[in-house]
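Based on the provided sequences and hints, a complete structural model is requested.
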Amino acid sequence: MSKAKVIYISDYFVNEVLGGGELNDHELLLLLESRGYEVDKMKSNKVSTTTLKNNTDANFIVSNFINLSNGCREYLSDNCNYIIYEHDHKYLISRNPALYRDYLAPSNQLTNVKFYKNAKAVFCQSTFHKGIINKNLNLDNIISVSGNLWSPESMNIMSILNKKQKKDCYSVLKSATLHKNTRDTAFYCEKKGHEYSLISSSNYQEFLSLLSNNNKFIFLPKTPETLSRVVVEARMMGIKTITNSNVGASYESWYSLSGDALIEVMKDKRLEIPDLIARQFNE
Amino acid sequence: MKKKIFVRGPVLSQSGYGEQARFALRALKSREDLFDIYIQAIPWGQTGWVWQKNEMRKWVDERITTTQVLLQQKKLQPDISLQITIPNEFQKICPINMGYTAGIETTKVSSAWLQKGNEMDKILVVSNHAKDTYTKTTVSATNSQTGEVVPYKLDTPVEVVWESTPRADPEEIPGFKLDYDFNFVMISQLSPRKNFQNALRWWVEEFIDQEVGLVVKANIKSNSISDYAHLEPSIQNLLSKYPERKCKVYLLHGDLSSGQMTGLYTNSKIKAMINIAHGEGFGLPLFEAAREGLPIVTVAFSGQVDFLADENGNNFQEVDFKVETIQPEAVWDGVLQKDSMWAYADQGSYKMALRKTYKSYEEAKEKAQFAKQHIEANFNDEKLYEGFVKAVYGEQIDVDEWLKELEEDFVEQG
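Chains A and B, in that order, are what the protein sequence lines are.
Position 95, counted from 1, in the first sequence is what our numbering calls 95; the numbers after and before it change by one each time, with no gaps.
Position 311, counted from 1, in the second sequence is what our numbering calls 311; the numbers after and before it change by one each time, with no gaps.
Note that these hints are calculated values from the structure, not bench results.
Positions of the beta carbon are idealized from the N, C-alpha and C atoms, including for glycine.
Possibly wrong hints are sitting among the right ones.
Stated by the list, open to error - Capping the alpha-carbon separation at 30 Å, the derived lysine-lysine pairs in DSSO-like fashion look like this:
id : chain 1 : residue 1 : chain 2 : residue 2
1  : B       : Lys-322   : B       : Lys-217
2  : B       : Lys-75    : A       : Lys-191
3  : B       : Lys-2     : B       : Lys-58
4  : A       : Lys-222   : B       : Lys-4
5  : B       : Lys-122   : A       : Lys-135
6  : A       : Lys-90    : A       : Lys-5
7  : B       : Lys-74    : A       : Lys-191
8  : B       : Lys-92    : A       : Lys-135
9  : B       : Lys-92    : A       : Lys-114
10 : B       : Lys-248   : B       : Lys-177
11 : B       : Lys-404   : A       : Lys-167
12 : A       : Lys-240   : B       : Lys-404
13 : B       : Lys-75    : B       : Lys-58
14 : A       : Lys-174   : A       : Lys-222
15 : A       : Lys-222   : B       : Lys-74
16 : A       : Lys-180   : B       : Lys-2
17 : A       : Lys-5     : A       : Lys-43
18 : A       : Lys-166   : A       : Lys-222
19 : B       : Lys-74    : A       : Lys-174
20 : A       : Lys-222   : B       : Lys-3
21 : A       : Lys-192   : A       : Lys-180
22 : A       : Lys-135   : B       : Lys-153
23 : B       : Lys-217   : B       : Lys-58
24 : B       : Lys-365   : B       : Lys-338
25 : B       : Lys-217   : B       : Lys-367
26 : B       : Lys-177   : B       : Lys-221
27 : A       : Lys-43    : B       : Lys-92
28 : B       : Lys-74    : A       : Lys-180
29 : A       : Lys-180   : B       : Lys-122
30 : A       : Lys-174   : B       : Lys-92
31 : B       : Lys-131   : B       : Lys-108
32 : B       : Lys-153   : A       : Lys-114
What the hints assert, rightly or not - Pulled from the structure, derived: some chain A residues nowhere near chain B, Cβ distances all over 12 Å:
id : residue
33 : Ile-7
34 : Asn-15
35 : Leu-30
36 : Lys-41
37 : Asn-54
38 : Asn-55
39 : Gly-71
40 : Met-155
Structural data, given as structure tokens:
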């Protein structure tokens with residue numbers, strides 16, 4: 001098996017969608033390249049069994065795979081070395097564990113079980129994320145990376161914004177995604193008489209800057225967040241966070257840290273996470 | 001907390017579902033402190049559109065326009081959808097999705113209804129018959145992953161909320177004159193389900209030598225002139241077989257206002273309503289007539305039983321019936337299943353019930369008064385609206401309690 005070639009499969013890459021999963025994948029991809037791996041990005045809908053057959057000696061990282069055909073999932077399961085870098089819950093038909101009591105789905109709601117089972121490892125974002133996957137799949141190949149990846153530039157910016165003077169005001173994430181619960185969160189602030197501002201920007205740096213204007217960030221998602229990058233970003237910028245039990249980051253030992261101390265932890269993740277992956281490839 | 005509700009239904013159509021949709025809107029509008037209402041009007045078959053201009057219509061038009069603009073701007077984020085249609089058309093479009101259906105006039109729903117119904121968070125229906133049929137239907141399904149054949153049924157909760165129409169003061173119908181003092185009325189449609197021809201033919205046979213009239217308010221699909229042009233000869237053809245009859249049949253076709261309908265039910269010469277349809281979702285004309293104290297001749301099957309019967313028994317002129325498989329011409333794939341059943345009124349019993357109503361009218365009238373009282377006590381707007389709002393909104397939340405619950409789950413990190 002060649003240890004140098006990695007095929008990175010995902011539904012979208014960062015040039016198409018600026019989501020948390022895509023940003024994390026982008027950093028991981030760069031880090032693997034910096035370690036000498038030859039990384040090929042493949043959009044999941046373009047992958048065929050022929051592609052896979054021609055690359056059986058490669059290591060595969062499968063990120064979001066909704067558009068990957070069943071045939072390819074089957075082929076990977078039976079013939080390839082692959083890890084799954086899980087960003088949500090694609091072993092559930094609904095992808096939403098919040099639909100079930102205690103996040104435990106009935107067995108008829110499970111899907112892709114073989115695909116998860118045969119992976120060399122399933123990487124997830126937090127112990128909270130891992131716990132939900134374990135509860136439903138009961139597999140021994142699930143690994144929590146306990147964090148996320150940011151570029152050195154982003155972390156530098158957050159370090160600077162950490163030191164910025166902040167207003168005594170709540171930031172509320174303005175999101176069209178309903179389970180991010182913008183409306184109830186704003187309603188909560190109104191009822192409690194808290195001053196708040198809705199934060200949104202398609203420009204990442206501007207978004208961080210807006211978030212760092214206020215000294216508190218309140219985020220009350222309705223469904224489990226595997227980690228919640230935005231909450232970790234708020235913590236790295238020295239902002240008090242008010243979240244709920246749906247936020248994966250809040251279960252991590254480093255969650256009590258903030259500012260540069262937390263930035264240091266996330267810098268370490270840039271070594272730890274690629275190490276964990278390399279270990280899987282080398283086994 | 002106010003909830004944004006997206007209502008999709010035939011809110012402007014002249015149809016049973018149109019009436020149902022307008023009832024839903026009136027109920028929701030009765031609590032504008034709880035609901036921000038958004039409306040998307042859909043057509044309903046080939047039925048016409050309501051034309052009356054009133055305050056309600058003005059409000060509906062305004063909400064439709066607002067909704068359309070917000071949808072185009074992609075700025076509408078409702079909490080709940082309320083889809084007023086047959087279940088084949090239910091869709092997941094909001095965080096919480098509810099279907100409000102007239103359900104089914106038969107004893108079985110299609111597998112598509114079960115599947116679509118299971119995509120909903122709640123289903124509201126207009127009668128206990130609809131609820132029973134929907135919740136008791138079981139089909140066989142194959143698990144796509146295991147290949148196992150398993151029984152498949154509706155898991156979504158179903159609640160009966162009924163429906164109603166606004167009660168209007170009686171108005172005259174210009175040119176409407178009845179020759180005899182004793183007349184029946186039938187509000188129907190020339191369709192297999194309504195059992196139109198038997199209802200008419202058997203009525204004529206019963207009263208062939210009597211000075212009794214029957215007002216038939218009917219159509220085929222709509223209230224248009226061409227619809228009349230098709231319907232009228234069908235009735236003439238049927239009546240032509242009884243050239244010596246003394247009884248009279250009058251055809252009313254076209255739009256009548258609510259007041260004119262009340263005028264019909266309360267006309268001193270109209271003594272009873274007949275309906276031997278194979279099944280009714282709710283039976284709105286029967287409801288309206290019974291609400292005005294008109295005796296009803298019908299079968300104890302399907303939607304109308306809810307308001308025509310109470311704990312003391314049936315408050316109508318009962319017609320015996322058998323429950324048998326629906327006629328092949330009535331099968332409507334995905335809606336009326338070929339192996340489903342409905343009621344077939346017994347000809348002799350129907351004729352006997354008509355005769356009893358005519359001969360012992362005071363008895364019939366007394367029963368009708370019980371029905372009227374039952375409807376006024378249990379199916380008034382206040383009760384129906386309250387039940388509907390509760391079914392849609394759920395229990396009203398206590399804001400302080402909500403804040404407390406929210407804070408109990410807080411994870412704060414300084």
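(message) I'd like to know which numbered hints this structure contradicts. Please list them from smallest to largest.
(response) 24
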